[in-house]
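Participant: For the record, the sequence lines run as chains A and B.
Numbering of the first sequence is given in the working numbering, commencing with residue 186 and proceeding in unit increments.
Numbering of the second sequence is given in the working numbering, commencing with residue 353 and proceeding in unit increments.
If you're looking for bench data, these hints aren't it; they were derived computationally from the structure.
Be a bit skeptical, because a hint or two may be false.
Here are some chain A residues the structure puts well away from chain B; computed CB gaps all over 10 Å [as the list claims (entries may be wrong)]:
1. LEU196
2. MET198
3. THR201
4. ASN202
5. PRO227
6. GLU238
7. VAL245
8. PHE260
9. GLN280
10. GLY295
Coverage of chain B stretches by chain A, computed from C-beta distances (three or more under 8 Å per stretch; other residues unrestricted) [as the list claims (entries may be wrong)]:
11. 392–401
12. 454–463
Quick caveat, the model's predicted, so the values are computed rather than measured.
Using N, Cα and C, we set each Cβ at its ideal position, and we do this for glycine too.
Listed below are the residues making up each chain.
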Amino acid sequence: ETGVTQTPRHLVMGMTNKKSLKCEQHLGHNAMYWYKQSAKKPLELMFVYNFKEQTENNSVPSRFSPECPNSSHLFLHLHTLQPEDSALYLCASSQELAGGPLRTDTQYFGPGTRLTVL
Amino acid sequence: ILNVEQSPQSLHVQEGDSTNFTCSFPSSNFYALHWYRWETAKSPEALFVMTLNGDEKKKGRISATLNTKEGYSYLYIKGSQPEDSATYLCAFYGGSARQLTFGSGTQLTVLP
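Let the hints inform the model, and build the full structure from the sequences given.
Facilitator: So this is what it looks like as structure tokens:
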């Protein structure tokens with residue numbers, strides 16, 4: 186157990202559906218991340234939130250919409266996805282100094298949500 | 353775009369064998385190198401964070417070394433056990449990026 190939970194663990198959705206992925210961390214961290222892992226590709230960072238403010242958006246299409254209501258919860262809202270969006274979506278958290286770049290802080294990952302878009 | 357390479361892509365060893373694999377990363381503007389262990393259907397688990405050239409870290413039978421001048425890190429597992437079977441990821445933090453850049457991982461299978 187890393188202290189980071191994700192729900193659901195598996196999700197199948199159609200291209201016209203709207204769904205949300207949820208992440209919760211119980212570690213008292215102030216930075217949270219969404220990563221995507223497509224088949225045979227490295228983990229790719231999607232979004233970073235630091236003290237509930239979005240600090241990174243790696244050119245992610247607008248059909249992915251993150252939300253961070255507090256430092257313990259992170260959501261990824263999904264709408265009108267494409268089959269190529271099928272992937273494993275991982276959430277992570279870390280303790281980051283306010284305003285400082287993340288360099289040496291360990292990221293703690295959840296187990297991921299396996300998403301299939303039909 | 354930063355290039356982080358891991359080799360080999362996959363590895364099969366017998367129980368009791370020692371093994372090692374490599375992570376290559378840009379040698380300029382280095383800040384930190386992370387190693388993670390990722391078992392199937394579980395969360396990636398942090399092993400080491402290395403920041404200094406020549407750093408050596410150890411956790412049980414697993415150890416890692418770091419050469420920032422030439423841009424590589426080695427991960428060693430001594431006396432591999434079946435429970436060591438996992439994908440081992442390295443991630444580089446450097447340059448002006450404010451994010452970790454991950455390699456594709458080395459998938460280790462330890463045969464009993």
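Participant: Any hints this thing doesn't respect? Which numbers, in order?
Facilitator: 5 and 10
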